[in-house]
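**Student:** Residue-level listing of the chains:
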Amino acid sequence: MHPTDTQDPDYYHRVVDCQWACPAHTDVPEYIRLIAQGRYSDAYLVNRESNVFPGILGRVCDRPCEPACRRGRVEEKPVAICRLKRVAADLRDDIRDRLPSAPATKNGRRVACIGAGPASLTVANDLAPLGYEVVVYEQLGTAGGLMRTNIPSFRLPAAVLDEEIGYIVDIGVDLRLGSPVTSMAALLKSGGFDAVFVGTGAPRGKDLRLPGRDHDRIHVGIAWLESVAFDHVKSIGENVLIIGVGNTAMDCCRTSLRLGARSVKVMARKPRGFFKASEWELEDAEEESVEIVVNHSPTAFVIEDGKLTGMRFDRMEYTIERDRIVAERVVEEVVVPCDDVILAIGQDNAFPWIERDLGIEFDRWDVPKVDPKTFQSTRPGVFFGGDAAFGPKNIIWAVEHGHQAAISIHRHCSGQPVTDRPPRGVRLQSRKMGMKEWSYKNDYNPIERRLVPHVSLKERFKQLNIEVELGFDAEKAAAEVQRCLNCDIQTVFTAPLCIECDACIDICPTDCLTMTRPGPLPEIEQRLKAPRRSPEQGLFLSEPLKQTGRLMVKDEDLCVHCGLCAERCPTNAWDMQKSWIDIPHAEDDAQCRS
Amino acid sequence: MSITGKPRVEHPGQRRNAVGLSRRAYEGGMSTLCAGCGHDSVTAAIVQACFELSLPPQSVAKLSGIGCSSKTTAYFVSGAHGFNGVHGRMPAIAAGASAANRTLKYIGVSGDGDSLSIGLGQLGHAIRRNMDMLYMLENNGVYGLTKGQFSASADIGSKSKKGERNDHPPIDPVLLALSLGATFVARSFSGDKEQLVPLIKAGLMHEGFALIDVLSPCVTFNDHEGSTKSYAYVREHQQVPIATDFVEARREITVSYAEGETVSVELHDGSRVVLRKLDRDYDPTDRALALAYVQERSARNEHVTGLIYLGEGRKDFHARHQTPDEPLNSLPFERLCPGKAALGGIIARYR
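Residue numbers (numbering that gives the first Met the number 0), protein chains in the order written: chain A, 0 to 593; chain B, 0 to 350.
Everything labelled a hint here was simulated from the structure, so no lab data went into it.
Remember, predicted model here, so these are calculated numbers, not experimental data.
Any given hint could turn out to be false.
Claimed, not checked - Below, in silico cross-link-like pairs of lysine-lysine (DSSO-like), each with a Cα-Cα straight-line distance of 27 Å or less:
#1 A/Lys457 with A/Lys264
#2 A/Lys440 with B/Lys5
#3 A/Lys392 with A/Lys372
#4 A/Lys233 with A/Lys457
#5 A/Lys76 with A/Lys528
#6 B/Lys5 with A/Lys431
#7 A/Lys392 with A/Lys368
#8 A/Lys269 with A/Lys392
#9 A/Lys306 with A/Lys264
#10 B/Lys146 with A/Lys435
#11 A/Lys392 with A/Lys76
#12 A/Lys545 with B/Lys161
#13 A/Lys76 with A/Lys269
#14 B/Lys161 with B/Lys146
#15 A/Lys475 with B/Lys5
#16 A/Lys435 with A/Lys577
#17 A/Lys435 with B/Lys5
#18 A/Lys577 with A/Lys475
#19 A/Lys392 with A/Lys264
#20 A/Lys528 with B/Lys5
#21 B/Lys158 with A/Lys545
#22 A/Lys275 with A/Lys205
#23 A/Lys440 with A/Lys76
#24 A/Lys545 with B/Lys160
#25 A/Lys306 with A/Lys205
#26 A/Lys545 with A/Lys431
#27 A/Lys528 with A/Lys435
#28 A/Lys188 with A/Lys105
#29 B/Lys146 with A/Lys431
#30 A/Lys577 with B/Lys5
#31 A/Lys76 with A/Lys577
#32 B/Lys160 with A/Lys435
#33 A/Lys545 with A/Lys435
#34 B/Lys5 with A/Lys76
#35 A/Lys275 with A/Lys264
#36 A/Lys440 with A/Lys475
As the list claims (entries may be wrong) - Some, not all, of what chain B presents toward chain A, calculated at C-beta under 10 Å:
#37 Lys5
#38 Cys33
#39 Ala43
#40 Asp222
Virtual Cβ for every residue (Gly too), placed ideally from N, Cα, C.
Model the full assembly from the supplied sequences, consistent with the hints where possible.
**Tutor:** Listed below in structure tokens is the structure:
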């Protein structure tokens with residue numbers, strides 16, 4: 000076995016599970032430490048560097064970081080990373096003078112972004128400071144895309160959207176509201192742009208073509224939410240059925256309650272455990288007495304005398320083996336009465352305005368062919384990102400697509416091959432302050448996850464836009480930050496210094512460390528002090544040690560970064576070092592070459 | 000000294016032993032010894048051995064005197080009984096406790112200063128009486144607490160950190176124990192838990208006095224070039240004539256050993272010590288041979304480690320004095336005190 004190459008930027012990056020799981024690679028432990036120090040503005044800016052919309056994402060992010068969080072492996076619940084992000088946004092000072100600005104002289108390049116959602120806005124955020132003239136075309140009268148039209152204001156207040164979108168517009172981005180692009184050919188021919196970015200999302204909700212479908216009390220979820228957002232729809236019937244159990248369904252059911260519904264049922268085809276909605280969104284809906292009905296497969300809308308009276312379902316039974324459905328059967332047919340049905344079963348991207356003879360190829364599902372690394376279409380200079388590129392994902396993925404597309408656009412405009420990507424890097428710096436003293440809090444704090452307070456059930460339905468979650472106050476945040484394990488403070492081993500005294504092995508609370516003779520990897524894995532649970536987690540192997548030729552082996556899985564191995568090491572062979580994972584953005588790529 | 004405590008989190012895959020405890024349940028307080036001290040490894044080996052033997056923590060008594068080594072009783076089995084005595088007097092306290100209650104497992108932890116200088120007489124008599132206890136002598140050749148003067152176990156020619164040479168001959172606790180009739184004599188190395196843990200288990204289950212002299216480097220004052228008790232020197236000069244496996248009672252011997260190469264010794268509770276000869280000419284049940292072997296190897300600057308002598312079956316203190324099985328404090332007063340008439344009879348014998 001070869002010793003582990005810790006210079007590979009991915010090695011230590013993977014140890015920081017939250018940052019590795021975040022599509023935009025937000026340096027989570029770093030901003031959590033800044034919150035701990037009360038440096039909310041700095042925490043906000045660390046966030047903004049990678050995820051651009053901390054206030055928005057601190058409320059509505061899909062939080063891929065939290066299931067990945069190491070705290071969730073040694074205890075039941077992960078750190079409330081998302082809610083801490085909101086703390087940074089809520090408690091920050093005015094940071095406008097610390098935001099990027101555009102240079103006085105432009106670089107003469109023009110970029111068009113179509114659709115003013117998170118992907119396009121990220122492209123604008125990255126390119127405008129480099130001197131690009133960025134024009135954002137938006138068909139609606141407001142910016143934000145689905146963040147504004149599909150996410151109800153009781154989850155994401157308009158003021159938060161306005162402020163963070165405003166930061167980008169204020170760099171000097173030319174935002175053209177109410178300006179739909181109706182022909183890509185025309186834009187390419189006469190727009191005078193060096194590059195075009197398509198960030199038009201996935202605006203077409205999936206329909207459910209069942210008998211009785213053509214009725215005005217049957218709504219398509221995302222279109223209905225948009226109508227609510229723009230005040231076109233202000234009420235709904237007393238009994239509402241939501242078909243589908245994703246996050247859009249959760250927004251539809253909770254919105255219905257605020258528009259006058261008395262009884263809202265979310266009808267799921269499959270049992271719990273197969274739902275697409277995030278656990279916390281399900282919890283929030285159930286807290287508001289939304290009933291989630293499982294194992295109901297819709298078969299028809301029931302229309303009597305021209306009136307929608309209910310919906311017909313097959314009640315299903317499933318055989319589940321190893322978390323997979325292996326057989327299903329219909330038990331009975333039931334009719335559930337209702338006044339309205341909202342369909343929330345998915346959405347697609349749609350490009351009726353892109354002519355098919357422009358060299359922009361579409362596959363057999365009519366989805367554009369987009370390179371997953373460069374985000375370039377088959378026509379050089381035309382890029383896609385966000386839901387428009389690969390179908391519906393989420394905001395944080397859209398932001399990362401925007402970052403990558405911005406790098407590509409910059410390379411395209413400066414005559415560099417877009418397939419050459421700026422490399423990631425890793426930098427390390429010791430956190431040792433003195434004997435048993437580190438410049439991070441290494442004492443494991445056993446407190447449980449703090450709960451975010453909610454507006455009372457009595458109050459919250461009075462108005463559509465009452466934000467339900469109140470966010471952590473400074474005290475709760477100060478407690479929650481102590482749950483972060485500082486996974487970015489790495490255990491760095493220097494083999495030639497080790498005298499094999501066993502001190503680190505003896506003190507490690509979770510038995511991460513083993514000293515063992517060299518051999519093939521599967522054999523070494525068998526000899527670990529504690530069994531290896533997860534092959535996705537890093538396994539560090541040192542060079543052979545001086546005195547016995549054995550190897551120091553570390554299973555990164557359950558390391559709580561308490562630093563006791565380094566405290567007990569008499570020769571500093573173990574040291575605790577902060578890792579910065581350099582994730583290049585367009586700005587870094589530009590600096591590299593200038 | 001670690002300022003923070005050891006996090007109370009465990010590997011979810013941690014094994015539980017026969018009494019339902021994880022290894023971490025056998026830990027104690029945080030060590031305040033120097034980083035890298037061999038004694039902390041000995042502590043970890045004791046924790047491991049007690050866990051593997053499934054000892055209920057309250058069935059253990061830990062005793063110590065004064066010195067770096069003697070602090071370590073605070074660092075293991077926090078649920079055990081304990082007594083920290085005056086310098087060099089641990090053997091007397093252990094002897095008293097053991098005499099009064101033979102149901103507990105006694106672990107005495109001492110050092111080369113506590114045992115071979117101020118407490119040499121105490122150690123000698125505990126061996127001679129064959130008290131039923133495990134005596135861990137954490138031996139680093141220096142007085143670490145008083146900044147590294149040579150101790151009575153420093154080898155001739157060994158250099159202090161400042162560069163002075165030791166010219167006094169050492170007291171070797173292994174030779175001392177062999178010559179005073181000890182029934183379990185072992186030497187080991189803090190940096191070799193594969194050897195140390197089975198020895199501790201065997202020593203705990205041995206009936207009578209078990210001595211384990213553990214070479215336990217002082218990383219602050221005696222881990223330099225010229226030291227004969229540094230990590231590097233011990234590793235280079237370790238001589239192991241016998242490898243020791245401990246097999247618990249009622250457990251099959253699953254490892255196959257080559258014919259004629261092993262000696263299996265059954266302990267009083269049915270557990271067995273399997274001794275594998277790494278040196279064909281060595282016999283760990285021959286006291287005279289053991290003495291000669293250790294002396295000869297010491298003259299060649301080698302540290303003989305492993306179970307050097309095992310004389311199972313010799314009467315221990317309890318057998319010789321017919322002490323009761325139950326602790327004295329559980330006996331009714333009438334049995335404990337023979338009464339005025341009986342006392343009068345005893346006194347009359349001396350008139």
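**Student:** Each of the hints needs a verdict: does it hold here or not?
**Tutor:** Structure-based check of all given hints:
1. A/Lys457 with A/Lys264: With a Cα-Cα distance of about 20 Å, the restraint between A/Lys457 and A/Lys264 holds, given a limit of 27 Å.
2. A/Lys440 with B/Lys5: At roughly 14 Å apart (the allowed maximum being 27 Å), B/Lys5 and A/Lys440 satisfy the hint.
3. A/Lys392 with A/Lys372: Cα-Cα ~16 Å, so holds.
4. A/Lys233 with A/Lys457: Holds: A/Lys233 and A/Lys457 sit about 20 Å apart, inside 27 Å.
5. A/Lys76 with A/Lys528: With Cα atoms ~26 Å apart, A/Lys76 and A/Lys528 stay inside 27 Å; holds.
6. B/Lys5 with A/Lys431: holds, 18 Å
7. A/Lys392 with A/Lys368: holds, 17 Å
8. A/Lys269 with A/Lys392: holds, 21 Å
9. A/Lys306 with A/Lys264: Holds, at about 19 Å.
10. B/Lys146 with A/Lys435: holds, 21 Å
11. A/Lys392 with A/Lys76: holds, 25 Å
12. A/Lys545 with B/Lys161: Holds, at about 25 Å.
13. A/Lys76 with A/Lys269: At roughly 26 Å apart (the allowed maximum being 27 Å), A/Lys269 and A/Lys76 satisfy the hint.
14. B/Lys161 with B/Lys146: holds, 11 Å
15. A/Lys475 with B/Lys5: holds, 25 Å
16. A/Lys435 with A/Lys577: Holds - the C-alpha atoms of A/Lys577 and A/Lys435 are around 16 Å apart, at most 27 Å.
17. A/Lys435 with B/Lys5: holds, 13 Å
18. A/Lys577 with A/Lys475: Given that 27 Å is the threshold and the Cα spacing comes to 26 Å, the pair holds.
19. A/Lys392 with A/Lys264: The given pair, whose Cα atoms are some 25 Å apart, holds under the 27 Å limit.
20. A/Lys528 with B/Lys5: This hinted pair holds, its Cα atoms lying about 18 Å apart.
21. B/Lys158 with A/Lys545: holds, 22 Å
22. A/Lys275 with A/Lys205: holds, 15 Å
23. A/Lys440 with A/Lys76: Holds, at roughly 20 Å.
24. A/Lys545 with B/Lys160: Holds - the C-alpha atoms of B/Lys160 and A/Lys545 are around 22 Å apart, at most 27 Å.
25. A/Lys306 with A/Lys205: holds, 23 Å
26. A/Lys545 with A/Lys431: Status holds; Cα separation ~25 Å.
27. A/Lys528 with A/Lys435: At roughly 25 Å apart (the allowed maximum being 27 Å), A/Lys435 and A/Lys528 satisfy the hint.
28. A/Lys188 with A/Lys105: holds, 22 Å
29. B/Lys146 with A/Lys431: It holds: about 26 Å lies between the C-alpha atoms, which stays within 27 Å.
30. A/Lys577 with B/Lys5: holds, 21 Å
31. A/Lys76 with A/Lys577: Cα-Cα ~25 Å, so holds.
32. B/Lys160 with A/Lys435: holds, 24 Å
33. A/Lys545 with A/Lys435: holds, 26 Å
34. B/Lys5 with A/Lys76: Distance ~21 Å between B/Lys5 and A/Lys76 Cα, so the pair holds.
35. A/Lys275 with A/Lys264: Cα-Cα ~16 Å, so holds.
36. A/Lys440 with A/Lys475: Within the cut-off at roughly 18 Å; holds.
37. Lys5: With a minimum Cβ separation of about 5 Å from chain A (threshold 10 Å), the hint on B/Lys5 holds.
38. Cys33: holds, 7 Å
39. Ala43: At about 4 Å, which falls below the 10 Å cut-off, the nearest Cβ of chain A leaves the hint on B/Ala43 intact, so it holds.
40. Asp222: holds, 7 Å
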